[in-house]
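K.L.:
Turn these sequences into a full structure, and let the hints steer you where they fit.
Protein chains in written order, with our numbering: chain A, 1 to 428; chain B, 1 to 428.
Quick caveat, the hints were computed from the structure, so don't treat them as lab data.
Even for Gly, the Cβ is constructed at its ideal location relative to N, Cα and C.
Misleading hints may appear alongside valid ones.
Sample of chain A residues facing chain B (criterion: CB under 7 Å; computed from the structure) [what the hints assert, rightly or not]:
1) Leu28
2) Ala131
3) His272
4) Ile418
5) Leu421
Ranges of calculated distance between the beta carbons of each label pair, as one might list FRET restraints [to be verified]:
6) A/Asp417 - B/Gly26: 51 to 57 Å
7) A/Ser217 - B/Gln377: 23 to 29 Å
8) B/Gln377 - A/Ser251: 31 to 37 Å
9) A/Gly239 - B/Arg24: 33 to 39 Å
There are 2 protein chains.
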Amino acid sequence: MREVKLGIAGLGTVAQGVFALIQRNGALIRQRSGVSLRVVRVASRSAKPEIDLQGATFSTAVSDLLQDPEVDVILELMGGQDTALELIRSALAANKPIVTANKAVLTAHGNELTAGQGAHLLRFEASVAGAIPIIQGIGGGLAANRLNSLAGIINGTCNYIFGEMEANQTPFDEVLAEAQRLGYAEADPSFDIDGIDAAHKLTILLALGFTGQYDLSTVFVEGIRHITVADIQFAKELGYRIKHLGIILNSDAGVEARAHCALVPNDALLAHVNGVLNAVQINSDGAGETLFSGPGAGGEATASAVLSDVIALAQQGSQKNAREAAEAVTTAPTLIPMSQVSSANYLRIPTLDRPGVFAQVTQALSEFAISIDAAIQHEASSSQPVVDIVLLTDSVLEETMNAALQRLQSLDIVAADIVRLRVAPAAL
Amino acid sequence: MREVKLGIAGLGTVAQGVFALIQRNGALIRQRSGVSLRVVRVASRSAKPEIDLQGATFSTAVSDLLQDPEVDVILELMGGQDTALELIRSALAANKPIVTANKAVLTAHGNELTAGQGAHLLRFEASVAGAIPIIQGIGGGLAANRLNSLAGIINGTCNYIFGEMEANQTPFDEVLAEAQRLGYAEADPSFDIDGIDAAHKLTILLALGFTGQYDLSTVFVEGIRHITVADIQFAKELGYRIKHLGIILNSDAGVEARAHCALVPNDALLAHVNGVLNAVQINSDGAGETLFSGPGAGGEATASAVLSDVIALAQQGSQKNAREAAEAVTTAPTLIPMSQVSSANYLRIPTLDRPGVFAQVTQALSEFAISIDAAIQHEASSSQPVVDIVLLTDSVLEETMNAALQRLQSLDIVAADIVRLRVAPAAL
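P.N.:
Dropping the structure here:
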């Protein structure tokens, strides 16, 4: 068991997400990874008495985090440029592990911070694509591959706006205003909708997977202000959806990096990444086409990535590895037998083409209190004496459904084996 | 720099994938991760003289891998049960790191192998979902989360069969025969199409993320033999696609695990995972809904996962971490400026509703040798003097397209700003 004491700079949504995850999952993390997490110090410009600091000491001076010998790992979660940069520099100079979610600082100073003293003590999974472990994916899961290309939906605001424009034919300006009301877009939306945020993230992915160099100026950038509902419709007619993509292509000729709107063919998985979700697709020579998707922002989603870095730092140099980590799970949970599982069901019932058949089927189901959400019955043809009745049931207990199926199958009007399929759980 | 000497059991497609990746990417892996990989010994029942063993010693006795003091890490890539189990047991007893892709052994003996001596020396990323780093995802990227649910397309054969049945209305038996011809299904297909393979993988995911216990008997299993083209069509009519899913739900009532066909709603990302691809979607309390997709089988795809484990083992206990690893990339590559990038383009050209307009537009493009792949022009209305001409161009150099756009914009018949969008690269 190893206790890791955290010092947090900032008290915004990500810091609050860290507090929430430690409170809710601290015991689980300890059991899985052998790492016990505790926040011992918080530094932020102004106190927020409404937040439970779980016993941590509060001060307004960020430098207190460095001076406190109790702090094992610093979390830089304040954002902005100068103070954050100084904190990261000082931590690395003092050989203090530090985790940051700050893509702006990395984009501008990544070459310095990832090459100098203590570079191995800096981690920044949360800086790109929020909860998605894409940095671990590139450096870990795909470590044996040459990366051929990357395409990412790495700005949730743009993706949300396109989705709303498509769903309701609402013009760009109206959707943007609504997104601002809902908190999906900033009061000054330029950072997102002019592609700057995506270019920052793409700069980090470019350095990590392709060039080793952080240089925003090598990334071509365009935003989304010029897209109209008409463009989204025309693209659809042509078999595409419009997405704002970060794109890197690595060929014999060299590497190209660009963040702009692109038409994505409907049969590509990326075309179906909707709402505020992010996704990064990587084509590599051994692993082929892999895609990682998830929430690109949000307090707990970002905190999840921050804490994965903390756990990795704590395991560095220890024998606990991630695999072993995930295994030592807690008290054995109750296993639910199949009979007690609930599902909505698809039923295809081959019936004789006679009057009253539909009523007999629904009557049989109602005896088991199973209600019907949707039904299909196509016209019978004279050459075809058997007609399929297709039903979607409400959610029902497996044992009830099985009993009802036996009853249905025994009806005179059922002409062949009934096919039953479960609908995937809505909770997924 | 650390040299890791590998001993490989087996000479099948995965072992050959390992040789291929080391040969092609050895230098890249060294630069990124500080780990130099070399195969020093191979053991397999029969020699395959056609395979270049890159200087490794060959013998037919698997026990030679254990006796050779040169071997740092053993790769168990022979499959099967008894010999593989014995090799893993002996390696762990001797404190020798071992990497396996063997889901059958893990499913049956996971409790013993992951709890006893040397358990931290056993890794098996390749045992579930091939190239997808899902085990690292659960143990690493999502380590701070409680997992609420998991749904996975974890058998590529089933997914391929459904895709073909849907695309061409081909009956199950015919598609299966074709899949066998193409090598996507085994001569005895039962392991895949009766859901056994998926149940094995789900058992491992269940242990890793939810229960800590390997127990195949707790997983409900159904296959895909009963699905007809009619079912796929009816499901489509209802707004769903049929997938064979591994499903785990973790609620206050307990944990349920089941592998069976399920209707997946069309707006879910999982519904669009096609062909032989695998995908695992996880819903967790902090990170929300994340999805990892990629090839679930294949020599190099599986070898990519095997080598990610080797690299992780080599980095265990060293200060090199995955992030630092990915960064120290090689000689600086050529960066291609935007002007030299090639894209197909979508053009929406607002034109005056006059005769000959379409010809003028295409004439202007042909002056730049830009050809047109698709075009849309809807009928004009009398109230609307401006008509959109929408074109999809062939792939064209950015600087050429920009020059052509200037020319088009200057035409008298162009009534407003042209909207130009690039099509996502086909190479992605």
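K.L.:
Does each hint hold? Answer for all of them.
P.N.:
Checked hints:
1. Leu28: Because about 6 Å separates A/Leu28 from the closest Cβ in chain B, which is inside the 7 Å limit, the hint holds.
2. Ala131: Because about 4 Å separates A/Ala131 from the closest Cβ in chain B, which is inside the 7 Å limit, the hint holds.
3. His272: 4 Å, holds
4. Ile418: At about 10 Å, which exceeds the 7 Å cut-off, the nearest Cβ of chain B leaves the hint on A/Ile418 violated.
5. Leu421: This hint holds: A/Leu421 lies near chain B, its Cβ roughly 5 Å from the closest one there, short of 7 Å.
6. A/Asp417 - B/Gly26: 51 to 57 Å: 55 Å, holds
7. A/Ser217 - B/Gln377: 23 to 29 Å: Check failed, 40 Å falls outside 23 to 29 Å.
8. B/Gln377 - A/Ser251: 31 to 37 Å: 35 Å, holds
9. A/Gly239 - B/Arg24: 33 to 39 Å: Holds - the Cβ-Cβ distance for A/Gly239 and B/Arg24, about 35 Å, lies within 33 to 39 Å.
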